[in-house]
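Heads up: the sequence lines are chains A and B, in that order.
The first sequence runs contiguously to residue 1023 in my numbering.
The second sequence runs contiguously to residue 312 in my numbering.
Take the hints with a grain of salt, since some may be wrong.
As the list claims (entries may be wrong) - So, partial list: chain A residues that the calculated Cβ filter (under 7 Å) puts toward chain B:
id: 1; residue: Ala809
id: 2; residue: Tyr815
id: 3; residue: Phe817
id: 4; residue: Gly821
id: 5; residue: Pro824
id: 6; residue: Asn825
id: 7; residue: Ala835
id: 8; residue: Phe1017
Stated by the list, open to error - The following residues of chain A were derived to be distant from chain B, with all beta-carbon distances above 12 Å:
id: 9; residue: Asp794
id: 10; residue: Gln818
id: 11; residue: Ser866
id: 12; residue: Leu979
id: 13; residue: Leu989
The hints are simulated quantities; they were obtained by calculation from the structure and are not laboratory data.
The model shown is predicted, which means the values in this text are computed figures rather than measured ones.
The C-beta atom is built at its ideal place from N, Cα and C for all residues, glycine as well.
The lines below spell out each chain.
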Amino acid sequence: MIEANLSKILETNNHRLEIDLTLQIPTGSFYSLYGPSGAGKTSTLRLLAGLLQPDHGLIRFHDDVWFDSNKKYSKNSAHRNIGYVFQEGGLFPNMTVFENLEFALTNKKDNKQLHELIGLMRLETLCDRKPNTLSGGQKQRVALARALVQKPKLLLLDEPLAALDNASRMELQDCLIQTHNTLKTTTLLVSHNKEEILKLSDHVLVMDDGKIRRQGSPEIIFKENTPQKNMELQGKILKIEPKGTLFLVTVNIQGNTLEICAQKHEIDTLKVGDEILIGIQDFNPFLRSTPK
Amino acid sequence: MNWDPIILTFQLASVTTFLLFFIALPLSYWLAHTQNKCKPFIETLVSMPLVLPPTVLGFYFLIAFSPSNAFGNWLNEYLGIKLVFSFSGLVIASILYSLPFMVHPIQSGLANLPSSLREASLLLVKSKTTTLMKVLLPNCKASLLTGIVLSFAHTIGEFGVVLMIGGNIPGQTKVASIAIYDEVEALNYSSANWYALILFVSTFLILLFVYLQNGGFLKKHRE
């Protein structure tokens, strides 16, 4: 169990944020931090990792104290045994993928687990490549593998999927589930994406203005916010075909293709290539052009 | 033409650049990452040679290193080191005078690297030295090259500091820039011209190499 009770005042040119939070993360669980930009999610991760020093508080992993403001004690971040994946990966551009992973080893001769990890994360074909030749998803897969080399007690993921396209995001989510199920590393993920949190996490902490406002299982937390009667999806028309008295409209929605039946009056103003909204309003489906 | 001043100039530039590189590395690293309140004072001191007339620095070196003063006398009596009018004195003065030319490019190169590189390495239980040598420096090679070459070229062009601390001793402290002055004073324009031309061409080629390298013009496949 990691327990933290900490406060920190962060001041930038035109913004002041007071982080004040208490959290408990059971060993082996997958927690997420959710909230708007500027809520203090990344700063919370940095405080736990020791990359930022809290003003007051206590951070403890089981009986191992990492930070105690009363005793003016702060354990060096290097000795907290934390795996950290940065939003932009943080891979070393001068090293190949294998060298990046090997650099993380404490004993270079002990590379058996390195090869196991390369197998688990399916990195065999990337080992000789430099980071700048990898796709965003591949870079984050390598960064995740590197963070796991030292078998960390706590894995901190700072929006590692934020900059990825949908396919890479799905692939890395599956990779995260697989590695978490295999290694059982206590994990804290920062994410803006509800679907991602629902898919990956046991528990979500909703943060706003430096405070944890709500917490619970993602299903319960996000269910309260999901509109039940109204829903809208945005997509692009790929094809319109007449089917008897109706029309079959093929739409691309975030890489997925969907076929929707529409009436003539619905497609009168639509043509192939148009951005449209597909929605359900009061239980009735509709198609319409997106507002310009 | 006597080649000694030219040889001495390049010896001085090489030794100064070599020593300065190792002095500037930890200083640049510290300046790039510290939040210490002393940082502006240290940065100001490092930058002083950029704005100060070289004779000011040379004058204070002359006073400090002179055996008639306490520090110079101590160096002479106890360590047997004579820094005034000697090659060693020239090297020390050149190191301080060229400090900003080495520190500024390296500091800026290190500060411009994403902080995640340094933090990732430190979280992987690597020391600051390992992080600097294996992660940070290999990713700011252009800044290192700029620092090395600018310091070398700047040392070649020194005049005031060298004249004040070194004087004009042939084979020991008479570098090319002083030889030019000497030859002009003696109305020997032909020799002065040769020294000047050699300095002009060599510094031009050195700087051209930096711009070609950092601009990517020397790569086999330009994008």
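Evaluation of the provided hints:
1. For alanine 809 of chain A, the suggested interface contact is upheld, since its CB lies about 5 Å from the closest CB of chain B, less than 7 Å.
2. Because the closest C-beta pair between tyrosine 815 of chain A and chain B is about 5 Å apart, less than 7 Å, the hint holds.
3. Contact between phenylalanine 817 of chain A and chain B, as hinted, is supported at the beta carbon level, the nearest pair being about 4 Å apart and thus within 7 Å.
4. For glycine 821 of chain A, the interface hint holds, since its Cβ comes within 7 Å of a Cβ in chain B; the closest pair sits about 3 Å apart.
5. Given the 7 Å rule on beta carbons, the hint for proline 824 of chain A holds: about 6 Å separates it from the nearest Cβ of chain B.
6. Residue-level restraint check for asparagine 825 of chain A holds (minimum Cβ-Cβ distance to chain B is 4 Å; threshold 7 Å).
7. Interface hint status for alanine 835 of chain A: upheld, as the beta-carbon distance to the closest one in chain B is roughly 5 Å, under 7 Å.
8. Nearest Cβ of chain B to the Cβ of phenylalanine 1017 of chain A: about 45 Å, over the 7 Å cut. The hint is violated.
9. No beta-carbon of chain B comes within 12 Å of the beta-carbon of aspartate 794 of chain A; the shortest separation is about 21 Å.
10. The non-interface label for glutamine 818 of chain A is inconsistent with chain B: the shortest C-beta to C-beta separation is roughly 8 Å, within 12 Å.
11. The claim that serine 866 of chain A is not at the interface with chain B holds, since no C-beta of that chain comes within 12 Å of its own (minimum 18 Å).
12. With a cut of 12 Å on Cβ distances, leucine 979 of chain A stays outside the contact zone with chain B, its closest approach being about 45 Å.
13. Non-interface call for leucine 989 of chain A relative to chain B: holds, since the shortest CB-CB distance, roughly 38 Å, exceeds 12 Å.
In this structure, the earlier hints numbered 8, 10 are contradicted, and the remaining ones agree with it.
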